[in-house]
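Engineer: If you want the building blocks of each chain, they are given just below.
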Amino acid sequence: MSPRSRSRTRTGRAQPPVLFAALFAALGDTTRLVLVGRLSSGQPASIAQLTAGSRLTRQAISKHLRVLERAGLVRSVRAGRESRIALDPHAIEEMQKYLGAVSRQWDDALARLKAFVED
Amino acid sequence: MENRIEKQIELKAPVARVWRALIDYREFGEWFRVALEGPFVVGQVSRGRILHPGYEHIVWEALIEKMEPERLFSFTWPQIQHHDKERYSPDYSQAPRTLVEFRLEPAATGTILTLTESGFENVPSAWRADALRGNDGGWTQQMKNIENYVA
Numbered sequence: 000m001s002p003r004s005r006s007r008t009r010t011g012r013a014q015p016p017v018l019f020a021a022l023f024a025a026l027g028d029t030t031r032l033v034l035v036g037r038l039s040s041g042q043p044a045s046i047a048q049l050t051a052g053s054r055l056t057r058q059a060i061s062k063h064l065r066v067l068e069r070a071g072l073v074r075s076v077r078a079g080r081e082s083r084i085a086l087d088p089h090a091i092e093e094m095q096k097y098l099g100a101v102s103r104q105w106d107d108a109l110a111r112l113k114a115f116v117e118d
Numbered sequence: 000m001e002n003r004i005e006k007q008i009e010l011k012a013p014v015a016r017v018w019r020a021l022i023d024y025r026e027f028g029e030w031f032r033v034a035l036e037g038p039f040v041v042g043q044v045s046r047g048r049i050l051h052p053g054y055e056h057i058v059w060e061a062l063i064e065k066m067e068p069e070r071l072f073s074f075t076w077p078q079i080q081h082h083d084k085e086r087y088s089p090d091y092s093q094a095p096r097t098l099v100e101f102r103l104e105p106a107a108t109g110t111i112l113t114l115t116e117s118g119f120e121n122v123p124s125a126w127r128a129d130a131l132r133g134n135d136g137g138w139t140q141q142m143k144n145i146e147n148y149v150a
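Top to bottom, those sequences are chains L and Y.
Numbering follows numbering that gives the first Met the number 0, with no gaps: position 46 of the first sequence is 45.
Numbering follows numbering that gives the first Met the number 0, with no gaps: position 5 of the second sequence is 4.
Hints are computed from structural coordinates only; laboratory data are not their basis.
Quick caveat, the model's predicted, so the values are computed rather than measured.
Warning: the hint list may mix true and false statements.
Quick list of in silico lysine to aspartate or glutamate cross-link-like pairs, DMTMM-like style, CA-CA up to 20 Å [unchecked claim]:
#	chain 1	residue 1	chain 2	residue 2
1	Y	Lys-65	Y	Glu-104
2	Y	Lys-65	L	Glu-117
3	Y	Lys-11	Y	Glu-104
4	Y	Lys-11	L	Asp-118
5	Y	Lys-6	Y	Glu-104
6	L	Lys-96	Y	Asp-23
7	L	Lys-96	Y	Asp-83
8	Y	Lys-11	Y	Glu-26
9	Y	Lys-6	Y	Glu-116
10	Y	Lys-11	L	Asp-87
11	Y	Lys-65	Y	Glu-100
12	L	Lys-96	Y	Glu-116
13	Y	Lys-65	Y	Glu-5
14	Y	Lys-11	Y	Glu-69
15	Y	Lys-84	Y	Glu-60
16	L	Lys-62	L	Asp-28
17	L	Lys-96	Y	Glu-104
18	Y	Lys-6	Y	Glu-100
19	Y	Lys-11	L	Asp-106
20	Y	Lys-6	Y	Glu-120
21	Y	Lys-11	Y	Asp-23
22	Y	Lys-6	L	Asp-28
Sequences are here, hints too, so could you generate the full structure?
Structural biologist: Right under this line is the structure:
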């Protein structure tokens, strides 16, 4: 297990292992949540587009996007000369799947406990 | 986004009965489907074998954290990465751990049990649905669930 190895390359990278901690930290910020929300339509956006309508500078937005990228939540895609940012739902889906599986197991175990003590 | 699991159920049994089902290792083993080696002791590791068909190769392991009579039973346990026999490894020293807490409260008709499992932020996302901990599938259990409720 190498939970901390991550890739920062922008092109053709394999999915790096993502710690859920990085996910929660990345999403625990209003600006980044807003950015994720704006990308959630699935349409990639340029940094300029993401900066427009925000009170933050382009640099500040870029910094937030890097946090999201390291957490595996967004990735850069090339569109001609420009790079655009796209949402990568993979990490969130993985976590939901995992928690869903654990949750179902608890439902089963607690149902057995219920049957056990009520008999 | 939630990083913990919380479940609450009402059990038609007195708190003392539910408490025993939680902290008596043989009773716990009955409903959790694990053959434990010995009693739970605070601060000590408890081990056993999972009894679910297909998961018998898996070592059950938990570090008992708290036993506050008829109120709180808690332990931490490792998240198991590979449940298939070929890739399974019983070395949990590097595995991320989550905290499991059972809280009991008396209710008019019995006991309210609140189960929480937290600490999932430590689990690498790549583990995903592979990390099944001895689940024998939803439907049979759901049917039993319904039977219990209508009984």
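Engineer: Each hint should be assessed against the structure and marked as holding or not.
Structural biologist: Taking the hints in turn, this is what the structure says about them:
no.: 1; hint: Lys-65/Y <-> Glu-104/Y; in the structure: holds (16 Å)
no.: 2; hint: Lys-65/Y <-> Glu-117/L; in the structure: violated (25 Å)
no.: 3; hint: Lys-11/Y <-> Glu-104/Y; in the structure: holds (12 Å)
no.: 4; hint: Lys-11/Y <-> Asp-118/L; in the structure: holds (9 Å)
no.: 5; hint: Lys-6/Y <-> Glu-104/Y; in the structure: holds (14 Å)
no.: 6; hint: Lys-96/L <-> Asp-23/Y; in the structure: violated (32 Å)
no.: 7; hint: Lys-96/L <-> Asp-83/Y; in the structure: holds (18 Å)
no.: 8; hint: Lys-11/Y <-> Glu-26/Y; in the structure: holds (17 Å)
no.: 9; hint: Lys-6/Y <-> Glu-116/Y; in the structure: holds (9 Å)
no.: 10; hint: Lys-11/Y <-> Asp-87/L; in the structure: violated (46 Å)
no.: 11; hint: Lys-65/Y <-> Glu-100/Y; in the structure: holds (9 Å)
no.: 12; hint: Lys-96/L <-> Glu-116/Y; in the structure: holds (16 Å)
no.: 13; hint: Lys-65/Y <-> Glu-5/Y; in the structure: holds (18 Å)
no.: 14; hint: Lys-11/Y <-> Glu-69/Y; in the structure: holds (15 Å)
no.: 15; hint: Lys-84/Y <-> Glu-60/Y; in the structure: holds (17 Å)
no.: 16; hint: Lys-62/L <-> Asp-28/L; in the structure: holds (13 Å)
no.: 17; hint: Lys-96/L <-> Glu-104/Y; in the structure: violated (31 Å)
no.: 18; hint: Lys-6/Y <-> Glu-100/Y; in the structure: holds (10 Å)
no.: 19; hint: Lys-11/Y <-> Asp-106/L; in the structure: holds (17 Å)
no.: 20; hint: Lys-6/Y <-> Glu-120/Y; in the structure: holds (19 Å)
no.: 21; hint: Lys-11/Y <-> Asp-23/Y; in the structure: holds (19 Å)
no.: 22; hint: Lys-6/Y <-> Asp-28/L; in the structure: violated (27 Å)
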